[in-house]
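Student: Chains W and G supply the protein sequences, listed in that same order.
First residue of the first sequence? That's 1 in our numbering, and the numbers climb one at a time after it.
First residue of the second sequence? That's 1 in our numbering, and the numbers climb one at a time after it.
Simulated from the structure, these hints should not be mistaken for laboratory data.
Take these hints with a grain of salt, some might be off.
[What the hints assert, rightly or not] Cross-link-like lysine to aspartate or glutamate pairs, in silico, EDC-like; alpha carbons within 16 Å at most:
#1 W:Lys-2 to G:Asp-19
#2 W:Lys-137 to W:Glu-156
#3 W:Lys-44 to G:Asp-112
Quick caveat: nothing in here was measured; it's all calculated off a predicted structure.
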Amino acid sequence: MKTFNYHSAKDVKEASKLASSNSAFLAGGMTTIPSIKLGLATYKDIINIKNIKSLSGIKASSKTLKIGATTKHVEVANSKDVKKAIPSLAALAEGIGDPQVRNRGTIGGSIANNDPSADYPSACIALNAVIHTNSRKIEAEKFFKGMFETALKSGEIIEAIEFSIPEKSNYQKYPNPASRYAVVGVYVAKHKGEVNVAVTGAKSCVYNDKDLAKALSKNFSSSVIDNVKISSSGMNSDIHASAEYRANMIRVFAKKAVEAC
Amino acid sequence: MSKISLEVNGKKITKEVPDHTLLSVFLREILNLTGTHVGCDTSQCGACVVHVDGKSIKSCTAFAADLNGSKITTIEGIAQNGKMHPMQEAFKKLHGLQCGFCTPGMVMSAIDLLQNNKKPSDTEIRDWLEGNICRCTGYQNIVAAVKEAASKM
Ligand SMILES: Cc1cc2nc3c(=O)[nH]c(=O)nc-3n(C[C@H](O)[C@H](O)[C@H](O)COP(=O)(O)OP(=O)(O)OC[C@H]3O[C@@H](n4cnc5c(N)ncnc54)[C@H](O)[C@@H]3O)c2cc1C
Ligand code: FES
Ligand code: FES
């Protein structure tokens with residue numbers, strides 16, 4: 001393994017100052033460390049942000065739920081506030097990886113990484129999340145740019161993710177049997193006046209299926225889903241599932257999610 | 001290099017280590033605690049599970065420098081006064097192992113399960129052990145051993 005300089009930042013300012021085009025922030029390390037071990041990534045500087053208190057914690061208000069970037073998956077899964085405000089989000093966190101991944105991995109690290117099969121990006125899209133960074137607020141729709149690509153600039157730090165509390169919501173996924181990443185995941189959220197159907201695992205980046213969302217906004221019933229066309233074009237095809245299979249799973253999961261709402 | 005001070009199995013230790021030293025390497029190669037096993041490079045097999053401040057983590061996916069000030073317990077640290085931990089006893093009694101490679105991680109992970117859930121069902125045990133892979137036993141006796149330990153602890 002190639003070595004690097006380890007730093008532990010005491011506040012966001014220091015972390016941002018230490019960052020360069022050749023550095024990574026160390027939150028849970030559940031992506032960064034395996035990437036370094038496998039030689040997929042090398043860094044000059046690794047900047048631990050876990051000791052920055054302001055980045056962690058969960059705050060619920062009447063309309064939104066704000067989760068600090070270094071809040072661990074296990075904390076979201078077990079939080080009474082999350083379970084009360086958005087139970088589907090607690091369930092999503094509980095379904096990530098395994099207990100040891102959930103004991104280390106963080107929500108900020110997950111969305112900054114934007115793995116095409118990660119779970120949290122779908123929650124951000126479905127729940128109209130606003131990503132708070134040290135310099136601005138970014139709407140989820142504008143945050144996830146492409147495969148492993150986000151709107152974050154070099155040295156920009158996610159401080160918190162603010163989710164809108166929906167009227168109803170549910171997340172369904174077909175987990176990869178080894179890692180539990182979503183082969184396909186569908187997050188349905190019914191807000192006042194609109195429905196989002198966020199899909200992860202199917203394409204190179206999470207997206208809102210506008211056709212499903214529109215049909216469900218008119219009539220929030222699983223029966224309308226069969227009338228919506230879901231094209232497999234542009235979908236991933238790999239050893240886990242073909243594009244056609246994924247397209248069909250989106251239909252199946254969208255129905256299940258609506259019925260479970 | 002980073003200077004780190006931490007407690008391993010109740011002993012205070014201070015060492016200077018290269019910044020990229022994994023906790024698993026620190027335990028195995030610097031402290032010679034080879035009970036913690038390393039089975040994969042992808043953070044998936046769980047052979048390396050240890051407790052940090054009471055919670056189970058994969059020691060192959062944490063930097064020693066990052067754990068300055070924490071309390072670490074490895075498989076070598078769970079027997080008390082020469083007497084095996086009830087989880088170890090149960091694995092032995094119910095043949096929860098064959099080659100034994102996955103066992104340290106299984107035992108450490110299972111102990112953490114019982115800290116969170118005193119009487120887990122078979123399904124809860126299997127769900128919890130999602131991150132621990134065993135290529136020998138077929139898991140049946142591992143689940144039985146965890147249940148046995150739960151009844152004794
Ligand atoms: C075996 C295994 C199974 C997994 N299964 C799943 C699964 O089922 N579903 C799923 O969604 N994920 C899964 N994951 C990923 C896991 O959820 C991690 O949380 C995620 O990989 C990254 O989070 P982290 O906190 O570990 O980030 P790190 O690895 O510490 O960082 C990842 C990247 O994010 C950047 N970063 C971190 N925090 C911030 C911040 N606050 N601001 C800006 N940039 C930041 C870092 O610079 C780095 O580039 C799995 C991982 C493993 C190892
Ligand atoms: S060696 Fe740590 S998970 Fe495989
Ligand atoms: S006993 Fe051999 S891998 Fe589990």
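Student: Now tell me if each hint is right for this structure.
Tutor: So, going through the hints one by one against the coordinates:
no.: 1; hint: W:Lys-2 to G:Asp-19; verdict: holds, 10 Å
no.: 2; hint: W:Lys-137 to W:Glu-156; verdict: holds, 11 Å
no.: 3; hint: W:Lys-44 to G:Asp-112; verdict: violated, 35 Å
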